[in-house]
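Visitor: Residues per chain, in single letters:
Number of protein chains: 2
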Amino acid sequence: MEYFSSVYELKCNECGKRFGNRPLSGCPDCFAPLEIAYDLEQVRGKFTRESVAAGPHNIWRYAALLPIPEGFQPDLPVGFTPLLRARNLGKRVGATNLYIKNDAVCFPTLSFKDRVVSVALANAQKFGFETVGCSSTGNLANSVAAQAARLGIKACILIPADLEPAKILNTLVYNARLVRIDGNYDHVNRLCTLVADEYSYGFVNVNLRPYYAEGSKTVGYEIAEQLGWKLPDNIVCPMAGGSLIRKIRKAFNELITLGLVEDKPVRFFGAQATGCSPISQSVKQGWDYIEPQKPNTIARSLAIGNPADGPAASKMIQGTGGWAEDVSDVEIVSGIQELAETEGIFTETAGGVTTAVTARLIQQGRIGKDEVTVAVITGNGLKTTDALAGRFTHLDSRAVRPRLSDFAAYLEELDGATNQKPELEPAGAY
Amino acid sequence: MEYFSSVYELKCNECGKRFGNRPLSGCPDCFAPLEIAYDLEQVRGKFTRESVAAGPHNIWRYAALLPIPEGFQPDLPVGFTPLLRARNLGKRVGATNLYIKNDAVCFPTLSFKDRVVSVALANAQKFGFETVGCSSTGNLANSVAAQAARLGIKACILIPADLEPAKILNTLVYNARLVRIDGNYDHVNRLCTLVADEYSYGFVNVNLRPYYAEGSKTVGYEIAEQLGWKLPDNIVCPMAGGSLIRKIRKAFNELITLGLVEDKPVRFFGAQATGCSPISQSVKQGWDYIEPQKPNTIARSLAIGNPADGPAASKMIQGTGGWAEDVSDVEIVSGIQELAETEGIFTETAGGVTTAVTARLIQQGRIGKDEVTVAVITGNGLKTTDALAGRFTHLDSRAVRPRLSDFAAYLEELDGATNQKPELEPAGAY
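Heads up: the protein sequence lines correspond to chains E and P, in order.
For the first sequence, full-length UniProt numbering puts the final residue at 430, and the numbers step up evenly by one.
For the second sequence, full-length UniProt numbering puts the final residue at 430, and the numbers step up evenly by one.
One or more of the hints may lead you astray.
Identical chains blur together in the list; that is why a pair holds if it fits in one copy or across any two.
Unchecked claim - 20 Å max Cα-Cα, derived DMTMM-like pairs, lysine to aspartate or glutamate:
#1 K154 <-> D197
#2 K154 <-> E341
#3 K154 <-> D415
#4 K230 <-> D263
#5 K154 <-> E413
Simulated from the structure, these hints should not be mistaken for lab results.
None of the values given here were measured: they were computed from a predicted structure.
Assemble the whole structure, with the sequences as input and the hints as a guide.
Guide: This is how it looks when you write it as structure tokens:
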């Protein structure tokens with residue numbers, strides 16, 4: 001269960017010890033998290049704007065900077081999701097250069113987790129795991145189940161028992177083995193560490209975590225490339241385990257080192273739900289540690305009370321001159337609606353967090369109105385429809401008979417109900 | 001409400017009369033449907049393999065063969081969805097060259113309707129409509145609502161009252177005006193014809209239908225390009241109104257005429273639910289007409305009992321030497337599960353229809369096992385989760401305490417319940 005790559009290997013963040021490539025996430029000596037260290041000089045000639053442009057239209061165009069074993073043949077066209085100029089939302093929140101990175105439509109399972117899972121499973125196969133899995137708040141479960149099915153590998157997935165029904169169904173449908181755990185994500189994650197050891201499972205975010213996490217860099221590569229190989233002024237990113245926001249920065253730094261973009265300061269802003277805000281609390285307090293919390297929020301995909309990369313994310317954010325904010329469940333739902341109404345993008349609760357936090361940061365003046373700001377949307381609204389339940393009275397509105405006169409009467413009712421002027425043309429049916 | 005294009009205009013299918021470009025779907029003289037006729041010679045130099053490859057990675061790379069007004073600036077990166085080699089599903093159904101065209105991840109609203117709506121709305125704006133809309137079985141409602149929001153146009157959408165909750169919510173969230181009609185799709189559609197006239201609404205599939213329908217051609221262009229500018233032997237396509245399958249053929253014919261692909265016979269196979277199968281019935285009977293049906297199926301996105309393009313679709317299928325089949329609701333659900341388990345693709349009920357019909361056609365020998373066959377998946381499973389309700393006992397399975405011993409006991413239970421041998425490694429916890 002080990003392989004050699006001359007380009008990258010596991011390295012301890014703290015003591016600097018190196019470990020080759022194997023399923024290992026923490027340093028046996030000092031217990032710090034391991035990360036993938038690259039020999040960027042070896043990559044330099046192989047990772048240029050031209051080589052990237054000549055690649056496929058998915059994350060594998062960045063393969064030279066991903067930890068994938070030699071000879072790996074990418075199978076799925078994951079990623080390269082749209083970066084959209086958000087003029088309407090920008091107008092509403094007072095920003096002229098706002099962009100949405102839209103992983104709500106990521107292939108294959110509609111969240112950014114598809115990126116990390118595809119990199120992790122490439123390594124799981126190389127390491128010879130017969131069963132893969134994860135601890136998950138939902139999106140990861142969907143992605144592991146789907147990609148394992150496609151690869152013909154068994155999957156065993158552990159989740160907190162109270163996840164959204166759509167996320168549970170969207171795991172079971174791929175014939176994954178799903179175990180609901182009576183506890184929150186942090187309980188599930190601790191159990192997974194034991195299970196991975198005991199059963200020799202390849203858990204993408206446990207023993208394969210360093211490989212998995214590198215997949216998140218592709219969000220950063222894509223943003224830079226889609227901005228015309230330029231870095232933005234600000235990134236607003238949701239935070240659960242704290243990994244994604246750090247990896248976007250790592251991606252930017254690699255692009256600077258390799259000369260694909262000009263060096264410039266980028267400020268990183270983290271977004272959390274107030275009901276689970278250990279990292280935003282840490283940033284606001286100026287801590288270099290986090291105080292674990294017991295999650296209580298509708299943003300279940302962000303409900304990690306003791307985030308593995310929390311301290312590192314907090315320090316990173318503070319170091320860039322950024323900030324972190326958290327919003328209430330009510331604001332989350334408003335954020336979902338605001339993004340849908342203005343840009344036609346239906347995101348899950350985590351995206352509502354990002355949208356609401358972005359608005360607040362602009363209002364606070366922490367993000368300048370003309371700065372280039374990218375808000376990262378990581379998942380699809382169809383997975384958390386229960387968060388909007390009761391929000392739309394129309395869902396149970398009365399059915400109208402299929403006649404023009406009934407239709408006209410109903411429109412009048414609607415106009416009356418919303419206290420708006422009739423929106424009909426003057427030549428209308430009244 | 002009219003514009004001129006030297007390249008395309010409305011033309012009557014029957015009498016051949018031409019109408020320029022205006023919001024009109026039927027010939028005032030002979031009542032036959034209008035379609036867009038192109039002057040392909042004008043396009044010849046502008047639509048080559050090279051010009052397409054140099055275009056953006058979405059449907060606008062085919063703009064030269066789409067009816068979009070001069071000066072139109074595409075805003076949304078719609079389409080260019082994955083074409084996946086389906087080795088696992090192929091193995092299960094006995095086909096070696098099976099592909100899935102996967103519009104379950106189409107941007108922005110996860111169905112092929114995004115293609116048609118973007119083309120229709122380009123024209124709606126040119127024609128000056130202040131309100132757009134549609135009659136819809138769900139996916140179209142989602143797409144019109146989302147794209148209208150992004151464009152800042154008002155939307156008024158009419159649906160059968162009993163649509164799936166996820167599709168209703170996924171329309172309301174964009175702040176569209178939604179009217180639930182007490183009737184089936186055919187009732188809704190007739191009402192929309194009256195409403196479009198009375199209120200001067202631009203209904204994408206009513207008075208804008210000829211423009212709208214052309215958007216479906218992009219499915220065909222993409223399949224040919226993704227196969228390396230080759231045509232497949234067979235297309236299996238779900239049928240509701242009967243438009244998509246015809247437009248894929250139109251796309252192939254245009255590519256042949258313009259020399260982008262070699263001419264070869266392609267057989268077209270239509271897929272319907274038995275509970276609403278007017279077109280497959282027509283094909284099976286060898287009719288050149290259809291007998292309208294009253295829909296009764298869980299595949300609500302295909303529940304059109306009196307399909308506008310039904311007769312034309314039936315004749316076309318028969319002319320290519322193809323066939324049509326229909327499957328029961330039980331088979332539809334099995335089709336959804338089969339595609340998910342083998343390829344990691346979660347499709348809606350219509351995709352279950354396509355998958356189940358594809359399997360049957362291969363079993364019948366109507367599709368040869370080594371022929372290149374593309375099954376067209378048009379929508380996402382998260383929109384029809386209710387179709388799978390009760391299918392997975394795990395959804396309400398008991399929650400397991402977060403301890404290794406409890407986990408081990410639960411796995412044993414699962415193994416017992418499924419009557420399988422334990423899937424654990426020999427070194428496991430027993």
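Visitor: None of the hints should be skipped; say for each whether it holds.
Guide: A quick look at each hint next to the structure:
With identical chains, the CA atoms of K154 and D197 are at most 20 Å apart within one copy only, with a shortest distance of 17 Å there and 56 Å across copies. In the homo-oligomer, the alpha carbons of K154 and E341 lie at most 20 Å apart only across protomers (11 Å), although the nearest pairing inside one protomer, at 40 Å, exceeds that limit. Within a single copy, K154 and D415 get their C-alpha atoms only as close as 54 Å, which misses the 20 Å cut-off; across copies the closest is 14 Å, which meets it. Proximity of K230 and D263 under a CA criterion of 20 Å is satisfied intra-copy only: 9 Å inside one chain copy versus 44 Å between copies.
Taking identical chains as interchangeable, the C-alpha atoms of K154 and E413 lie at most 20 Å apart only when they sit on different chains, with a minimum of 18 Å there against 54 Å within one chain.
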